[in-house]
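Asks: For chain W, the structure is supplied; the task is to place chain F on it using the hints.
Just so you know, the protein sequences line up as chains W and F, in that order.
Going by the numbering used here, the first residue of the first sequence is number 1481, and it counts up by one from there.
Going by the numbering used here, the first residue of the second sequence is number 1481, and it counts up by one from there.
No lab work stands behind these hints, which were simulated from the structure alone.
You may find that some hints are simply not true.
In this list, chains with the same sequence are indistinguishable; a pair is considered to hold if it fits within one copy or across any two.
As the list claims (entries may be wrong) - Cut-off 16 Å, straight-line C-alpha distance, at most; resulting in silico cross-link-like pairs (EDC-like, lysine to aspartate or glutamate): (1) Lys1534 <-> Glu1848; (2) Lys1595 <-> Glu1805; (3) Lys1534 <-> Glu1701; (4) Lys1827 <-> Glu1701; (5) Lys1491 <-> Glu1789; (6) Lys1670 <-> Glu1789.
If you want the building blocks of each chain, they are given just below.
There are 2 protein chains.
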Amino acid sequence: MHGASALQGLKVLDFTRVYSGPYCTMLLADLGAEVIKVEAVGRGDDTRSFYPIKNGQSGYFTYLNRSKKSVTLNLKSQEGRRAAMELAQWADVVVENFSAGTIAKLGLGYEAVKKVNPEVIYASISGFGQSGPYSRKAAYDAVAQAMGGMTYLTGYPDAAPVKVGPAISDAATGVHTVVAILAALHYREKTGRGQYIDIAMLDTVFSMLENSVPIMTMLGENPQRIGNANPGSAPYNMYRTADGMVVIATANDSLFRRLAGVMGRPDLPDDPRFSTNPSRKAHEKEIDAIVEQWTQRHSTAEVERLLDEVGVPVAAARSVEQLVEDPQLLHREMIVEHEVPGVGWVKFPANPLRLQLTPPDPSRRAPELGEHTAEILSAVLHYSDAQIQQMRENQAI
Amino acid sequence: MHGASALQGLKVLDFTRVYSGPYCTMLLADLGAEVIKVEAVGRGDDTRSFYPIKNGQSGYFTYLNRSKKSVTLNLKSQEGRRAAMELAQWADVVVENFSAGTIAKLGLGYEAVKKVNPEVIYASISGFGQSGPYSRKAAYDAVAQAMGGMTYLTGYPDAAPVKVGPAISDAATGVHTVVAILAALHYREKTGRGQYIDIAMLDTVFSMLENSVPIMTMLGENPQRIGNANPGSAPYNMYRTADGMVVIATANDSLFRRLAGVMGRPDLPDDPRFSTNPSRKAHEKEIDAIVEQWTQRHSTAEVERLLDEVGVPVAAARSVEQLVEDPQLLHREMIVEHEVPGVGWVKFPANPLRLQLTPPDPSRRAPELGEHTAEILSAVLHYSDAQIQQMRENQAI
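Extracted from the complex, chain W is given alone in its bound form (with noise of 0.2 Å):
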């Protein structure tokens, strides 16, 4: 069903594991790039062993790691170091996300790649950057959250902080790491150069706090946590309806005007409390509790109907168990279904890139662990059936 790709015959070197070094990678090989994902023997990527499992598969993994290739190498042996080597030289870019520093004792870092394979774009992934007072530090998906503000600025006022649910801060990193490979794979077409690049999950997460920062800077406050709440919008809230609650969201007057009317209350942009943005926010309590004596006299569907009807930006909070049969991403193609060896046909969400022409390609489930190793060592770096033999005897693949 599928045409060209946008990055066909690029070659992928892939040493990440867990989750921000796997969506990038994803993303690099849906859109056609050769992702040759290296996974220690025995035991492969800590995700295959990650919630969910089912009949010892996991849909962590699963998701993560389709349209790439496994192969197994032990890098603390030397014919398994080796085979990663030659690897690197094969490759256009290497992507890595262990603790800054690892990979380098490994004998893989870029200073040793670039002696082999001089042009190529080596991307890092860590927590906290190659260097600086914080560059040990061990970063999980919610230390990272921590430490970049996104979790003192989640959640409602009265309660503690709360993580972002979903691990925001390795999916955003990963995406942006793949901003910056193929930013330096232009570059390096135009002139023949490599190079490094250096991706830290905290900048990634500072960069993602919309306007907090210049909250800070420009007017001297802190930002604070305000639950469903927008800092510079109202009515713009999580309400209570008759049977749930419901997010509408207005930002300008026009759509608070519209709001109003279908509320029956096409006085309130006249009322000098309520006519502008601002004065709106400055009385945010009042407006919203206008809003919400509306919305409890409706079913969350009626008041996403009203609302849908005059263009007012509404909706509930829906569950995945909703969006899985969500009309609208089954119109846009996002569920995809892989058959998972012992498991059966499964459900995981699609690429999200619509290129019309070169439409991304998600359809090729994960592999299993070192499902190509000997084909790789074969057709890529032309070892004999011998070779391959002896190194799975010495425990190296």
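Replies: Same frame as chain W, but now just chain F:
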């Protein structure tokens, strides 16, 4: 201070407003692309009046529109549309985030632009995509988060769902769009063929739900919000300390052994309730209580110091006030200062894409409304001074 730029020479025509599109074109501009932002005459981007405001300047706008040039065009006038179409002919890349269908009605949609610029890469960003049952639905970040599942999954189990504080769906959609544009650019360089790109906030949010979709599709469990906990690992939560709260995140047995050692409880990993990650998750309340008994006897700083020493992921939720003085962010040069006209020097987040050879340059302040109108019409479109004067009189610019 800055040398070569990765995207030097790339010409981008930017019809975007608010956040998702401007974040996309800011990344392109920082990386060296020439970005011409088209704004409405007299009014400009909505965010020019968004909070925070000081001396008439919006920190929202100035953060997200650095490195760009501002040209005002009245797209409802024939002269304005003609100039816009000539700029579209000049551009390698066009980006827009009007509601679906709007720009085509203005005569500046992909099909129209392609006629004068067959190789153009043309990216549309919208809430729900250019077609399908929700394509006309109005979207703000709070709506995209709710519709895409992020809100339902964020917050404490005993409270209402809560959106991510900052408008994460906008930033995430913006950076995904950059990936699509750069992949299309790579393809165009190989084949000479441009294409259309259609990115939806809904698709992007749905793609960033981590393991939530496979939890539903593999196990039949509809994932619920769980505060600062992790669906598959324990102890992984936020804990009370003697003077605040701290995040501790262990997702494998090795990290748990180290945590138990620091707590003076080397017996815990041998307890069958706590010996493996699944068993700890099954006894999460018990292990969380044991961890909190320990954290409550120490200050947050002390818990951080003790766990950092042994490489266990740990962090306090830091506020923006702390972040703008943070030694690691300063070391990473993640704070840039701009001289905002009429305001003075203001700090903003810099660019997180650390390309060693072609570092992004976030140092050029955001443009004032129409600051580059005459310059661009003259230098790029070769309009005469008289023509430009006439357009001004006609309120076309």
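Asks: Look at each hint and say if it fits the structure.
Replies: Hints and how they fare:
When the C-alpha separation of lysine 1534 and glutamate 1848 is checked against a cutoff of 16 Å, the pair qualifies only within one copy, where the shortest distance is 14 Å, while the shortest distance between copies is 56 Å. Taking identical chains as interchangeable, the C-alpha atoms of lysine 1595 and glutamate 1805 are never at most 16 Å apart, the minima being 51 Å within one chain and 38 Å between chains. In this assembly of identical chains, lysine 1534 and glutamate 1701 lie within 16 Å of each other by CA distance solely across copies; the values are 12 Å between and 49 Å within a copy. Taking CA atoms no more than 16 Å apart as the test, lysine 1827 paired with glutamate 1701 passes between copies only; the shortest distance there is 13 Å, against 45 Å inside one copy.
Taking the shortest Cα distances, lysine 1491 and glutamate 1789 never come within 16 Å of each other, neither inside one copy (49 Å) nor across copies (38 Å). With identical chains, the CA atoms of lysine 1670 and glutamate 1789 are never at most 16 Å apart, being 50 Å at best within one copy and 45 Å at best between copies.
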